[in-house]
Amino acid sequence: MKIQIKKSTILIGLLLIVGFILPRFAGEYYIHISVLVLFYAYMAVSWNILGGYAGQHSLGHALFMGIGAYTSTYLFTVIGLTPWIGMWLGGAFAGVIGGFVGYLCFRYGVKGPYFALVTIALAEAAVYIVTNIPSIGGAQGLEVAWTGNAPQLMQFDGKSGYYYMILVMTIIAVWLSSWLIKRRFGYQLLSIRENEDAAEALGVNTLRLKIQATVISAVMTALGGTFFAQYFTYINPRAVFGEGPSVQILLFAIIGGIGTVWGPVVGALVLIPIAELSRGWLGGTFAGAQILLYGTVLVLTMLFMPNGILGLYHKFLGKFQNRQSDGGKSEAL
Amino acid sequence: MVFSFELFGQAVVTGILIGGIFALISVGLSLIWGVMRIINFAHGEFLMIAMYIAYFLVAKGGWDPYLTILITAPALFLIGIIIFQVTIRPIIKDPPINQIMLTVGLSLILQNLALVFLKADVLTANTAYTRMNFYLGGVVVRGSQLIAFVGSALAAFILYWILQKTDIGRAIRAASQNRDAATLVGINVRSTYLLAFGLGSASLGVAASLMIPFYYTSPTVGLFFGLIAYVVVVLGGLGNFIGTLVAGLIIGLTESIGASLLPGSLARVLTFGIFIFVLLLRPQGIFGGKQK
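Note that the protein sequences, when read in sequence, are chains A and B. According to this note's numbering, the first sequence is numbered sequentially starting from 135. According to this note's numbering, the second sequence is numbered sequentially starting from 131.
Read the hints as simulated data drawn from the structure, not as lab findings. For clarity, every value in this text was computed on a predicted model and none was experimentally measured.
Derived DSBU-like pairs: lysine-lysine, alpha-carbon spacing no greater than 30 Å straight-line:
hint	chain 1	residue 1	chain 2	residue 2
1	B	Lys249	B	Lys190
2	B	Lys223	A	Lys245
3	A	Lys316	A	Lys449
4	B	Lys223	A	Lys449
5	A	Lys316	A	Lys245
Turn these sequences into a full structure, and let the hints steer you where they fit.
Listed below in structure tokens is the structure:
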């Protein structure tokens, strides 16, 4: 057990070192891919707290991403408020909406596929609502005005500034996610996922916990939404509230290993470079080829390794080490 | 927007006619969802495939749009059972999230295959029926939509008849009510599922052929109809055949009356609003009794 902890500490240490010195060696294109990896890892980690730990599968998480992106961008373009403050206002807004949605859903016992449907409907409704409000850009969306190299406005010359920002966000998110799951709160979330009735019978306040998980997940996702807007400098209703981002937010968690701390990161780390590089090779000729790849990987993952990459890894690990009894903990962590 | 009797009448007529198509599309989803307890998130994409088949037969082959049913329905039946056999059957006992993600993956694949090979162009078939209009006072009744409505009702009735009166239908209903008990009385649940999935998909083939004279085809057309189908099925009550038909009309009317009253595309928000409301308060649907 001790050796394992050490190994993982070394591994994380190495990852961090590589992470922080990467921009010194990599070209802009590879930094861009790294930004995408980190961004989607971050989003998947955020989704995973509600979808993976608590087992409430939101298929409309773009709702929160969009709220974050639109709040900070609107405040920036209209009153010039720096996105560094705007992102927290967006996070707070998303947290309130998340709490409200969570309360409504879980108060009325919406669960399983029905919860997925409610979240899809909410995100889709948001697409049409934002599309029909001209003062926040309507269908055209909003553009983030470029003000030059202005770190105080979350705008950086070159990509390394964004890279370090999302790197720090991802580290904090992973740390938060691993800290939560080791606490009473995390175990209670897992108990809800495994058997909600039993958890309730044992005195777990499932309603409150599920709402809390929704709020945490929503706030984190919204903060990522602000980063998305600042990095791509353009948002529109479909791009941030649509079914595309909703799927991409959870895709990497599912493929990497749902409900695990590192699964979402592994999923993004494995899949995005492949997708981006193959897009480079194919050129712009095949619109949709990248999503086609994601869909194929998703179907194959569900068919042949339903617990994702990490699930498969642990399975092999178990075979080779004859599985020292850790109470199935390694599967949860 | 000036509100007038004609405008309202027009919205009601269009809503009912479109609602018929919504109902047929949703009946297929309801069958699959009700029997297997799996939401097929690729349902809209199945419809999209059928619409492309119908479109190419009409536009390139010069077929009468309604004759294409002879191809689209069997083709969709076949596509349905192949996809079921290869992808859905192996995960039928997996956790719901895996089933959801599998069908989401399928929808991504189908949608983007269409995008890669057929391009994002919006295709409209110009048929003899496209401009066939009747006038009821100041209200226009589009002939193609009227045919689609009647055709949908007929197809839904045939499906209902199959489910109620034939041995196959009885087996499907038995399997949906209690899988183990059905197996005990000698029903081959596996082939029953296959058949249900095929029938649910085939109804989309019929719907696609009926829609081709008045509706465009594009790789993303399934997105909208897929969402509409979830709304209608939930509203009507899962597995409730008549409920689904009525819910189709309700959503058709909501969409068209909403569109005539609300600016822009806000009518869609109304539809999703109803959906969320029903999911929260009556997940068994507005007509349903108790749900398991």
